[in-house]
Amino acid sequence: MAERMSLVLFSGTVDKLMAASILATGGAAMGMEVDIFLTTWGIEAFRAGAYKTNQKVSADFEEYGPVMMEAMQVKKAPSWMENLKGAKEIGEVTISACSMTMELFGLQLSDLEPIVDEVTGVATFVERARESKISLFI
Amino acid sequence: MSEAVNIAVDKEIDARGSFCPGPLMELIRGIKTLPVGGTLAVLSSDPGSTKDIPAWIQKARHELIGAFPENGYTRFVARKAH
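Protein chains in written order, with my numbering: chain A, 295 to 432; chain B, 18 to 99.
Coverage of chain B stretches by chain A, computed from C-beta distances (three or more under 8 Å per stretch; other residues unrestricted):
no. : stretch
1   : 38-48
2   : 72-80
For lysine-lysine, the following BS3-like pairs were computed, each having C-alpha atoms within a straight-line distance of at most 25 Å:
no. : chain 1 : residue 1 : chain 2 : residue 2
3   : B       : K68       : A       : K369
4   : B       : K68       : A       : K379
5   : B       : K76       : A       : K382
6   : A       : K427      : A       : K310
7   : A       : K382      : B       : K28
8   : A       : K379      : A       : K369
9   : A       : K350      : A       : K379
10  : B       : K49       : A       : K382
11  : A       : K382      : A       : K427
12  : A       : K427      : B       : K76
To be clear, the hints were calculated from the coordinates, so they are not data collected in a lab. These numbers were taken from a predicted model, which means no experiment stands behind them. Ideal placement from N, C-alpha and C gives every residue a C-beta, glycine not left out.
Assemble the whole structure, with the sequences as input and the hints as a guide.
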């Protein structure tokens, strides 16, 4: 059985989404099963179409936001969404949305980007994460 | 060692200028398209990939034929082993 990486994606800012997407890509590239559990601002970031206009950067580093976005453009860095799509192509990546947040925000799976596979509860995530070799909170 | 630079490969991917995990992703996609025994070269200028690429090849149990430093980039040559 392949080793697993569990990643709770709580954040919705581009800087953290990038970090999460690269870690997920690394996991997928190295043959791990990657479980991404979206919650709170992570779910907001995956609302259908949101990724196209999301320019938010963590508050502590707000003033670097435009510089970072520009550097990514100039150097043609793939966006976090492109990284995740690539990761899904080459490996086993499952993206689940936290059912509690979905309820709170009044959302259904169809309101989110198609790359999100399912809505699950925290117990499902915990059951899978307890066996994971790598667990991350972003 | 200079003859190593000219090893003929079935597929060559120029990933120079693209950065981590770009070159590794190109390698993985490229190897998928090869038949077993096929060879592939990836050109990468990214320092992270210099470590990642041989690590992946070993983990995925393919064969690293060589990592040839060129002017400002490295040419990784691999064979699909299975």
